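Novice: This is what each chain is made of:
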Amino acid sequence: MRSLALALCMLLPFLTVSAQASTCYFYTPEIQCKASAADIILKKGTNVTAYNSSINGTWIEVTANGTFTETYYEYMINITNLSTSKNYEVKLENEKVDSINRLTNFTLYFHDDTTSKQIEISDESMVQSSGQWYLLPSSATIYVSAAIEVSTSGSSTIDIGLHIVPSGTTSPEIIQAMSINID
Amino acid sequence: MENKLVKLLGIALIMAMVMVGFVVAYVYYYYTAQIHVSVETPKIQWVQGTDVSASIGTNTTWCQISLNNLEPNATTVYTNALEFTVLNVSTNMKLEIVSITGTSTIIWGIRFYVFQSGGSSSTLSLVDGSSVSIPGTDGSSNPVDQVGYRQSGAPFGYGSMSTPVDSNGFAGTSSVTYIIAIEAYGKDGISTTQTATVELRLIWS
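In order, the protein sequences belong to chains A and B. Residue 58 in the numbering used here sits at position 68 of the first sequence; the count goes up by one each step and never skips. Residue 175 in the numbering used here sits at position 176 of the second sequence; the count goes up by one each step and never skips.
The following block holds chain B by itself, in its conformation from the complex (with noise of 0.2 Å):
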């Protein structure tokens, strides 16, 4: 009688451990944060360069732009390729290339450029050593800003041979507009139906 009564109160015991792990099991324990999300003024503004015709968001806040001038064994530059404005507040700026996808292959190397708008021009030396006129910048020989890709066996002034890489940064002005202008080196033997796509990205800390 004694050893039923001790059977009995272990298999109750067993059966009650295991509805507890499974009462355990579903247990969840909530913990709640409220995160306000609002519409905030952009920061910056795309504004259209001379050289090509960029389709701009409705914002102004994001932008893209073809370059058809690839050409194999050859260097092209644009010189007011897109154009951007700070607004209302002065801050700490950097460019990045983010990745290039496509056949990214077609471009040997390629480097982007930040020069502030003005009234005059600069002198920008490029990486194969020739230089060219950037029109309607403050005159400043020496861009504000610059990054660039390469592949292996390219000009190492063309810059890193990995994605994503950062410029130094520079200090953007309040109300003052920049020029991005951009080099690019088609590899040799490129042909007309290739393409690859360079996502860029502006920085506003």
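Isolated chain A, as found in the complex (with noise of 0.2 Å):
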């Protein structure tokens, strides 16, 4: 009987630490999500040969040719600030390219007033796979140019990321896709 007692005085702390080992504490904050108008929205421009968009402009997939020897298509997506008060900086992202094989160049700039360079796939590899930040200003529109030459006739696909923030911040950094097909 009293080496009994004795066992369980020696397991009793062991007890005691299980018993707090299994205590959860939990704490528990709200997070309260509003849907919002798009600032920016997404339009085909006038070198494209098809387009899909989104019901509110925030996405966009356009389609234009593919040439055996470069081609400067300088509207393909415009970029339009709907805000009338707040400027936005904007930049382009590869996502993924389907079929790089085929794409001699394919050049992504920016252009308004100045030519900012985005992203840069040459000879099937990619070089620039995204670019600096460009000022797009309130109730102003920017364009999306491209430089195209393909080796083979085929499809090719880059989606992309135009990531904004809103001028002087970094965040909360808002990110549109767009898709370019190459015929």
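Heads up, none of these hints are tricks.
Subject to a maximum C-alpha distance of 30 Å in a straight line, what follows is the list of computed BS3-like cross-link-like pairs (lysine-lysine):
hint	chain 1	residue 1	chain 2	residue 2
1	A	33	A	107
2	A	81	A	24
3	B	93	B	42
4	A	34	A	81
5	A	34	A	86
6	A	76	B	186
7	A	33	B	186
8	A	81	A	107
9	A	76	A	107
10	A	34	A	24
11	B	186	A	81
12	A	33	A	81
13	B	93	A	24
14	A	86	B	186
15	A	34	A	76
16	A	76	A	24
17	A	107	A	34
18	A	33	A	76
19	B	186	A	34
20	B	186	A	24
21	A	86	A	107
Far from chain B, some chain A residues (derived; all Cβ distances over 12 Å):
hint	residue
22	34
23	41
24	60
25	105
26	112
27	115
28	124
29	137
30	143
31	157
Simulated from the structure, these hints should not be mistaken for lab results. Keep in mind the model is a prediction, meaning the values are calculated, not measured. From the three backbone atoms N, C-alpha and C, an ideal C-beta is built for every residue, glycine too.
Join the two chains, each given in its own frame, into one complex according to the hints.
Specialist: See below:
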């Protein structure tokens, strides 16, 4: 009987630790999400042969002709800032390329008064996958242009993210999607 | 005479049985356990992030933030939506998306990332294939923990199609502050009057 009591006394600290280890504490923040109208919308330019876009103009897919000598398309996609008071900065980032092995040249630029090279594929390799931030003033439109040359017939698709931040800040960062098909 | 006596005895017996039944029905048994409840120091505290203003409770153990930029068919990333500090004790922790209420369908997909704070920055690879820079971290490109939810049809990478859903968990270090970044994808066609509430839970165990 005495040895049983002794054994229980020895086990007691471990039982206590075990009970403490199973204690959980819950801290519950509440995250409210509100839908917002987009300030930046995408529209097809004059140099594309086909396009699709989302209801709210925040996603676009365009198609352009691939040529065996380099062709410069000045107006592939128009990017418009609908806000009359807020300036934004934007940049492009490559997300995925299908059939890169026929792209001799695929170079994307922003242009308005100035030009900014954003993405470059040369001789079937990604040379530059994202660009520098570029100012998109309130109520303004900038344009995406492309220099394109292909080595064989077929179809390639480049998926691109348009990153958007309010001027002078780094967050929240909004990413809209563009797809460019090269036939 | 003998029959009357037997009848009386029978009636008396039945009455006694009925009475016993009533008595038994009203017997209660009391077993008393003493549960002592005492106030304890919080294990974590919420700290306002740099992206959005947070409403934080008096004891810093509850908070609320509003994400006002959920755009249709676009991804919005809050690189520092909220922070929390582990107080005193290192322990295992995990995140749980408990529920999404309100017009939950406006959220096509949402993912929460936890980074350890520091003097460097991290490049976070997003579900949609692009990437963003998370400033003020320990420099690791991998978050220490993450959990997400998606609707049917949304990119698989956002995570579970049901709630509650738990993260894998991480070892929270005492006196270290952690950053919560949020990637949210608004469903196409949503309107500005719609809202949803995500109940998140940080579990300290």
